[in-house]
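J.: These are the residues of each chain, in order.
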Amino acid sequence: MIISIKPVRFLLLALLALTPTLNFAASNDSIADKTEVVEPVSEGHEAVSSHAAEKEFSPTDLINSHIGDSHEFHIADWGGHPISFYLPVILWTNSGLEVFSSEHFHHDNTGHHIVNANGQELVRYKEIIFYADKFEALTQDERDNGAFAFDARPLDFSITKNVFSMLMSAIVLFFLFFAVARSYKKNPKAPKGLAGFLEPLVTYVRDEIAIPNIGTKKYAKFMPYLLTIFFFIWINNLIGLIPFFPFSSNLTGNIYFTFVMAVITFIVTTVSGNKEYWGHIFWMPGVPTPMKFFMMPIELIGMITKPFALMIRLFANITAGHIIILSLVSLIFIFKSIAIGPVAGAFVLFMTVLEMLVAALQAYVFTLLSALFIGQAVAEHDHH
Amino acid sequence: MQLTSPESLIFWTTLIFVVFFILLAKFAWKPILGAVKSREESINNALASAEAARREMQNLTADNERILQEARMERDALLKEARDMRDKMVADSKQEAQVQGERMIEQAKAAIEAEKNAAMAELKSQVSSLSLEIAEKLLKEELSNKDAQTKLVERMLGDVKLN
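Chains as they are written, first to last, in this note's numbering: chain A, 1 to 384; chain B, 1 to 163.
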């Protein structure tokens, strides 16, 4: 079976599943059409559609492409042609900064379509942009693990799907809370409307997360950070669950994102650590002196494992949820049966509702643990 | 998961998050938390003042009760005093009446005694004058002749000599 749709969200797939035979019958023709369409606009370079290489439906590829990042925002397919929102590619190449639209890659992710940008020949392989000449020299294994092959590729600062989504969520959240903040100036009485909806969440973060973990004396300083990560992670978790443009990015299920968030929590914790905190790490009170030397490396590792656990937890929870939903959708294409559609649909609905709970829960857990780590760093011990 | 170029997302996440955080902290969290806090304070103040007013009300009621009680006690005391005074006055006047009566009786008795004495004296003088008259009459009769007169003078003289 040939499938021309790559990054389509599960809801769209579920809808398409109602007419599977029609969809796949058209696929054969569309590839041929596509090759003809692609070649004239391929700037003279060899253009082989990535879709042509896929002869078999592979749920692994489908899921990987959905939970991963990409240079363009796929919206839908129409007559076998992907309709995408092309995001800018920003590269720091050997000859300087290059900015161009991701449209120039023509959806190619196999390293065959060469884009010439100011004399630099670039190819894209699995959403990683390489120098064309150096890409040829790489082995298959090196190509597959190309994310860290920095000598074979330019530095990529593209506004990817995840960056786009993050930017959008930040703007939405900012205006949301800015509006709330303004409403307080006009209405100093009981909150209503948006403020009435968001204020309980703010006070929840304060009363249930910040104060119990950091303490009444010091919590105020960390409230902005805790509120920011709580709402930022939550809204991005939710955006990942909405299966159509301009949402559907898997930002919080991306380990780079959770890495940065965990690092920021680590920095906040480390910077705000007081004398007792460092004392507990380097010279654990209340244990015999030989043990103090023994405890030191353990405590130092503990400093790292705490944010590491934060990073993995959020990443794994969100990614796992997406994989389950996508697997359920893939069942329709694996069984090639219309009968499986409603069953998979019911499971997808159930999982989506569950994931909405997980979205809030993981934002809560991330914030709670951040508050806990900060609380440990600023705690004043009066017993030794 | 297919790992893509890490620097892109790491760079943008850091940048966006930091800018987002600073903007939110300045324009959203500060006013929101400030407003929430000041409102909570005003609610707490309102509750506290309501409690104070309630307590004051209670105090007022207690005061009123106390004043009423005092007034009642005062009234009772006044009544009691009046009753006592009345009793005392009654007793006093009774006693005085008795004393007065006794005195009047005494006076009456004295008057009666005096009257009696006067009557006795009168009677005595009457009796004596009557006796004198009788004696005069008798003497007149006796001294109507000369012998009798001489005899009497002699006897009288003889009595004087005796003294």
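Since the hints were made in silico from the structure, they are not lab data.
Treat the hints loosely; a few may be bogus.
Cβ-to-Cβ under 8 Å is the rule here; a few derived chain B residues that face chain A [said to hold, decoys possible]:
id, residue
1, L3
2, T4
3, W12
4, F21
5, A25
6, F27
7, A28
8, L68
9, Q69
10, M73
11, A97
Taking lysine-lysine and the DSS-like style, the derived pairs with C-alpha atoms no more than 27 Å apart in a straight line are [said to hold, decoys possible]:
id, chain 1, residue 1, chain 2, residue 2
12, A, K292, A, K221
13, B, K30, A, K185
14, B, K140, A, K185
15, B, K137, A, K221
16, A, K189, B, K30
17, A, K217, B, K37
18, A, K292, A, K306
19, A, K218, B, K26
20, B, K109, B, K88
21, A, K192, B, K26
22, A, K275, A, K292
23, B, K146, B, K124
24, A, K275, A, K221
25, A, K192, B, K30
Since this is a predicted model, take the numbers as computed values, not measurements.
Ideal placement from N, C-alpha and C gives every residue a C-beta, glycine not left out.
J.: Which earlier hints can't be squared with this structure?
T.: 8, 9, 10, 11, 12, 14, 15, 20, 23
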